[in-house]
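> Sequences and hints are given; from them, build the entire structure.
Letter by letter, the chains look like this.
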Amino acid sequence: MQPVAGEVTIICLTDEVNLRDLGVRLTRGAKVEVPLSAAMKSRDLQRAKVDGTVFTQTLRASAIRAHEYASSDTTTSQSPRFQPPAPAPVDMAPLLGVVQALTEEVRSLRAEVTLLKQAPAPVAYLDPEVLRDVLSSISAQAPRQPVATHQIVPTQPPDDPVFIPERIMDDSLKPSLDVKSHRAEASGVDDAAKTLRSVRKRPR
Amino acid sequence: MAKSPTQEAQAIIVGCGLDVGTMNVVSARKTLTGVETKRVRDAFLELPAESKKMLKLANVSYVEREDELLILGDAAMDTANIFGREARRPLSAGLISSSDLDAMEILGLLIKNVLGAPRASNEHCYFSIPAAPVDRPGYDVIYHRGVLEKIIRECGYTPTAGNEAMAIIYAETAKENFSGIGLSFGSGMTNVALAMNTIEGLSFSVARAGDWIDSGAAKSIGSTASRLCALKEKGLDLNAPKTRDQEALTFYYRNLVEYVIDQIALQFAQVQGRFSIPKPIPIIVSGGTSKAGGFLEFFKGVFDKKRKKFPVEISEIRAATDPLNAVANGLLVQAMQENDE
Numbered sequence: 001m002q003p004v005a006g007e008v009t010i011i012c013l014t015d016e017v018n019l020r021d022l023g024v025r026l027t028r029g030a031k032v033e034v035p036l037s038a039a040m041k042s043r044d045l046q047r048a049k050v051d052g053t054v055f056t057q058t059l060r061a062s063a064i065r066a067h068e069y070a071s072s073d074t075t076t077s078q079s080p081r082f083q084p085p086a087p088a089p090v091d092m093a094p095l096l097g098v099v100q101a102l103t104e105e106v107r108s109l110r111a112e113v114t115l116l117k118q119a120p121a122p123v124a125y126l127d128p129e130v131l132r133d134v135l136s137s138i139s140a141q142a143p144r145q146p147v148a149t150h151q152i153v154p155t156q157p158p159d160d161p162v163f164i165p166e167r168i169m170d171d172s173l174k175p176s177l178d179v180k181s182h183r184a185e186a187s188g189v190d191d192a193a194k195t196l197r198s199v200r201k202r203p204r
Numbered sequence: 001m002a003k004s005p006t007q008e009a010q011a012i013i014v015g016c017g018l019d020v021g022t023m024n025v026v027s028a029r030k031t032l033t034g035v036e037t038k039r040v041r042d043a044f045l046e047l048p049a050e051s052k053k054m055l056k057l058a059n060v061s062y063v064e065r066e067d068e069l070l071i072l073g074d075a076a077m078d079t080a081n082i083f084g085r086e087a088r089r090p091l092s093a094g095l096i097s098s099s100d101l102d103a104m105e106i107l108g109l110l111i112k113n114v115l116g117a118p119r120a121s122n123e124h125c126y127f128s129i130p131a132a133p134v135d136r137p138g139y140d141v142i143y144h145r146g147v148l149e150k151i152i153r154e155c156g157y158t159p160t161a162g163n164e165a166m167a168i169i170y171a172e173t174a175k176e177n178f179s180g181i182g183l184s185f186g187s188g189m190t191n192v193a194l195a196m197n198t199i200e201g202l203s204f205s206v207a208r209a210g211d212w213i214d215s216g217a218a219k220s221i222g223s224t225a226s227r228l229c230a231l232k233e234k235g236l237d238l239n240a241p242k243t244r245d246q247e248a249l250t251f252y253y254r255n256l257v258e259y260v261i262d263q264i265a266l267q268f269a270q271v272q273g274r275f276s277i278p279k280p281i282p283i284i285v286s287g288g289t290s291k292a293g294g295f296l297e298f299f300k301g302v303f304d305k306k307r308k309k310f311p312v313e314i315s316e317i318r319a320a321t322d323p324l325n326a327v328a329n330g331l332l333v334q335a336m337q338e339n340d341e
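Chains as they are written, first to last, in my numbering: chain A, 1 to 204; chain B, 1 to 341.
No lab work stands behind these hints, which were simulated from the structure alone. Note that beta-carbon positions come from the ideal geometry of N, C-alpha and C, so glycine has one too. Be aware that a few hints might be false.
[Unchecked claim] SDA-like cross-link-like pairs, simulated, lysine to any residue; straight-line CA separation at most 25 Å:
1) Lys53(B) <-> Asp178(A)
2) Lys174(A) <-> Pro48(B)
3) Lys194(A) <-> Glu316(B)
4) Lys150(B) <-> Val63(B)
5) Lys180(A) <-> Ser61(B)
[Stated by the list, open to error] A short, non-exhaustive set of chain B residues, derived as facing chain A with CB atoms under 8 Å:
6) Val147
7) Ala174
8) Asn329
9) Met336
Below is the structure:
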């Protein structure tokens, strides 16, 4: 078996950790770099990782090996490992052609936008005959309603519909209530009614 | 010469006013010699069917509904006190709750008893509705109005909704050509309307009134709202509170009056450009909450401190002739006009 190249950074996450087989003793927050091959053999490190007392980070290892190490228990597992199939070779020439075409398109559109921004707005020419035809067709389609010429009438949305039961009172219930009745001779209601009548008749 | 009952009946002007408040339902009708008002407490109490015997012994009227007994009106309040319970109210904060179907039915019964049968076919009935509250945007006045219209129609009347505070203007400001600021300090809400020559320039309500005073004072002294309400109704001099309870009530009264005056200034600022008031107008205070002892002087005292910043020139501040019936009377004035049209 080939020795695995690379380094592993071990960071202590607890008050103190002692990795005897690596000869490393760390306090909280302290970190140390050890060879990847030694780290992979270390049972103390594996145990510490399972306990969550250390955090490890693989450096400069080959991609596959580093991935295997970062996933837990890879060194102790005896089962055959999954080898991903090698990717099929891709011909990049057509893709590059498409990218180049798109880049050209974007460049030309940018130039067009810059020109439009600089140029004055074009004055539209309205043929009076065409305009008359268009307007007459619109008025012919419009519903026949009086047109407000001097004021803008704001439109208000109708109130939300409210459900109220068809019958509210139960005719079978006939309560005898203690209704307090009072007769007032001078309530001012007559005078008020008379004045209101005259105010309403008066031209405004 | 005294008129016979038939002549009296003929002379009676049809049309009636109906004030549907959180605390009372009041109707007003014209008689030959004056105005007759009828009032009932807007409250009910549900009791189990087993209480029937006890209610009969106590001579309390009730209605049997399915497996329960309903006590309505003033009797509900009295019985609730005996049982140590709170009577329920069909209206909460001035409006019918859409989720309380009981409330709708009970309110219908109360209104039917207060209105009685119409004197003519489809007699006009003007009923009070609050303006939309400025401090409770979600409150549904439309539903409230719709339910009341339906109930009154079921009673055989032709319903017309009228603003509660505007009704005070109609009842109390005839000599000023229906110009003034009407304030209805009710139980669930305080309604405000500003009018010039019958034209409504501003109307709104705030969700603070008598109930707010009771609950606020109760919280501050560790008591119950119903106890504070009873204390308030028993007699309270706002200008000379004697006990801690009375001091708490006075504190909340002051807060309410200040809040209402501030809200008028605030709301008026929004219509100022569209509405001109060429001469000073009166403020009319009305409603059950304004019945507290010394309320008018108290109100004047609070207003005087804010007069400089108040946007409308005020000629005088006076109490309504009959604060409990002013809204119903104002609605009656409007209903009577229907006979001319």
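> For each hint, tell me whether it holds in the structure or not.
Against the structure, the hints come out as follows:
{"no.": "1", "hint": "Lys53(B) <-> Asp178(A)", "verdict": "holds (20 Å)"}
{"no.": "2", "hint": "Lys174(A) <-> Pro48(B)", "verdict": "holds (19 Å)"}
{"no.": "3", "hint": "Lys194(A) <-> Glu316(B)", "verdict": "holds (23 Å)"}
{"no.": "4", "hint": "Lys150(B) <-> Val63(B)", "verdict": "holds (22 Å)"}
{"no.": "5", "hint": "Lys180(A) <-> Ser61(B)", "verdict": "holds (15 Å)"}
{"no.": "6", "hint": "Val147", "verdict": "holds (6 Å)"}
{"no.": "7", "hint": "Ala174", "verdict": "holds (4 Å)"}
{"no.": "8", "hint": "Asn329", "verdict": "holds (5 Å)"}
{"no.": "9", "hint": "Met336", "verdict": "holds (5 Å)"}
Of the hints listed earlier, there is not a single one the structure fails to meet.
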